[in-house]
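Single-letter residue listing:
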Amino acid sequence: MSSTTRAATTPELIDPRGQRFAAAVTSVLLALVLILGPALGLPVLIVQTLAFGAGSILGLKYQPWGWIFRTAVRPRLGAPRELEDARPPRFAQTVGLIFGLAALLGAVAGLPVLFYLATGFALVAALLNAIFDFCLGCEIYLLGKRLLGDGADTSRATT
Amino acid sequence: MTAGVWIVLAALIVALAVGGARRLTDGRAKAVAADRLPRLDGARLGADLGAEATLVQFSSSVCAPCRATHSLLAELTGSRAGINHIDLDAETRLDLVQQFGITRTPTVLLLDAGGAVRHRMVGPARRPDVMDALDQVTGRSADRPTRPANN
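Chains A and B, in that order, give the protein sequences. Residue numbers for the first sequence, in the working numbering: 1 to 159. Residue numbers for the second sequence, in the working numbering: 1001 to 1151.
To spell it out: a stretch of chain A is covered by chain B in this simulated footprint if at least three of its residues, at any positions, have a beta carbon under 8 Å from a beta carbon of chain B; those stretches are: (1) 33-43; (2) 77-89; (3) 123-129; (4) 140-146.
Short derived list, chain A residues pointing at chain B, Cβ under 10 Å: (5) 2; (6) 3; (7) 16; (8) 19; (9) 27; (10) 30; (11) 92; (12) 112; (13) 116; (14) 117; (15) 119; (16) 132; (17) 133; (18) 135; (19) 136; (20) 137.
Derived by calculation from the structure, the hints in this document are not laboratory data. All of these numbers come straight from a predicted model, not from anything done at the bench. Where is the CB? At the ideal position from N, CA and C, for every residue including glycine.
Please build the complete structure, drawing on both the sequences and the hints.
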């Protein structure tokens, strides 16, 4: 017997392979940003931060690497074995956006340590996602909730 | 080499180390020390305990592997009477999250008939681990498909 105490919602579903593909592209771009440095790498960093922003604010449908997967890669692979809830990867895009903006600030304001640290952390998260299918941001989410929440039994409205 | 190249290498090593460690330890059933078995009851959980055992799963909306763990546990408990599966939203049960030190979703607690927490599985649950832990708690190996013992 199985019971769920979560609110019954019909979440937006996505192909999980698109996420892995997007994370792989993100990893390559962030590695490129680091190798090129704060000056030469800035245009690439801007592109990647815009991609994070599109996935986070507009939705995964608008994440450009996911779009490339859907239009160019997925037709060659066929249907996925199972679909996945879109909320976890969208939250991961939001975490990426925060790191991307921090790295941009570091590059523009002449703070190389901030630039390298923020981009480095974003690269670790993207690599974990691409290689192991782990969503680091999603785990930080619960830790953040624990720190911020007071344990009150409040039902969150789902979007 | 420039600083950036070193950071790329460091990020790669960190990602491989964290990911590799996770792959080895995720979903392994760990027995809770017998001298301190915290208890949970149906009233606290908001659902009935199973007559023999209960799997309490902590999930969250931003957790992709929670779905697979839910399906696995629902399947395993569906075929065994007396074992219940309760899937909680960790975000709305921060009291339990704090009390049991849940840091990741999915985390699964296995309770015995009396509601004592006997095993803990952090990360996506693994079928053989869940089955072995259930057998230990219920003291039988019923409903296990015929297959050679593997240890």
